[in-house]
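K.L.:
Sequence:
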Amino acid sequence: MATIASAVTTAIGAISVRKSISESLLFSKSMMFFDITRTAASTFKTMTALKSSASNLSPIESTTSKASTIGTKKTLKSRLNDGETLYGLFLLSFSPTLAEIAGLSGYDFVVVDMEHGPGGITDALHCLRALAAVNTPAILRLPESDPTWAKKALDLGPQGLMFPMIESPKEAKKAVSYCRFPPNGIRGSAHTVVRASSYGIDEGYLSNYEEELLIMCQVESVEGVKKSAEIAGVDGVDCVQMGPLDLSASMGYLWDPGHKKVRGMLREAEKAVLGSNPGGGGGAYLCGFAMPHDGPEDLRTRGYRMVSGAVDVGLFRSAAVMDVARFKTSLKEEGSDDDRHDLEDGDEKYWSE
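Here the UniProt record's numbering is used: the sequence shown runs in plain steps of one and ends on residue 353.
Calculated directly from the structure, the hints in this document are not laboratory data.
Fair warning: there could be bad hints in the mix.
As the list claims (entries may be wrong) - Cβ-Cβ distance ranges computed for the label pairs, FRET-style:
no., residue 1, residue 2, range
1, E268, H126, 35 to 45 Å
2, H126, A320, 17 to 27 Å
3, S330, L104, 37 to 47 Å
4, V193, G120, 18 to 28 Å
5, T148, V193, 10 to 20 Å
Predicted, not measured: the structure shown is a model, and the values here were computed from it.
Built from N, CA and C at the ideal position, the CB exists for glycine as well.
Given these sequences and hints, build the entire structure.
P.N.:
Written as structure tokens, this is what we have:
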């Protein structure tokens, strides 16, 4: 019995030791996990703070998400202030695939057009994500100058917002107010959870958003041209975008945007905007669309700093029409060759007889 009791005691002791060791290991693992989590959280906070300032880290060198590398690429506004001339594309199809191709092709920016394109906020979001994946800045053109549209668009996080049909400095001031939080404006706030602030991860968003956002006002009517200098001088307006098609329509030349009177009116607006001292405070950069009679190079030489050279659906249309025409032409040429050969064979047969 003594031997059995001793064996039981020994077994119980071994079990207690194993239990103690197991609990010790579990505690060690728990503490290790706690330390790793605490270190990761500390690193994340450090990187989040760094993200809001200029950084020299490349996306490969950074160990955090893209949100922490936003500062590595210059914004459109900073590039304009540095004297660059930017070339972009209008996206009317709302195709994320075409948006991605546009970015990979090297365009400096892409304007997702909610004024004339069929898409809304949700469709625009898909395009913004496709452009972000290829590090291409997006500008959203609103359907109208409206605080609700502006609020929803800004929450998506584009680098720029384009307001259509601005005809007075009063309307330009309203557009700017739609982009500013109170007390400087009337923009509704959900900055802790929206995409613009990386869903609240970007702790520097409120400090930087005004400096980084490009506010563009479109001048595209006779009345707008008359007030273009005043519109360009509104505090907060970064760019004045010329609208040649609507301008020609407002002058009665819808079918002739290249009419000399339309061109003269456009030159008047260009001169007013260029004289507003852009980049030096109190002025706006001149921006516009290329036209068949007024190409991208023409705009650049006249002082335009942002030039939109094409529209995605227009590029596809031209390529598709050309492709079909090429094939149809080849069929006609092939038929002509066959007819010619038949004629030649007939002649040979006739003369051989």
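K.L.:
For each hint, tell me whether it holds in the structure or not.
P.N.:
Results of checking the hints against the structure:
With their beta carbons about 40 Å apart, E268 and H126 fall inside the hinted range of 35 to 45 Å. Hint check: H126 to A320, Cβ distance near 23 Å, so the stated range 17 to 27 Å holds. Distance hint for S330 and L104: a CB-CB separation of about 31 Å, inconsistent with the stated range 37 to 47 Å. Our hint of 18 to 28 Å for V193 and G120 holds, since their Cβ atoms are close to 20 Å apart.
For the hinted restraint 10 to 20 Å between T148 and V193, the CB-CB distance of approximately 18 Å keeps it satisfied.
Going through the hint list in order, the structure does not satisfy hint 3, though it satisfies all others.
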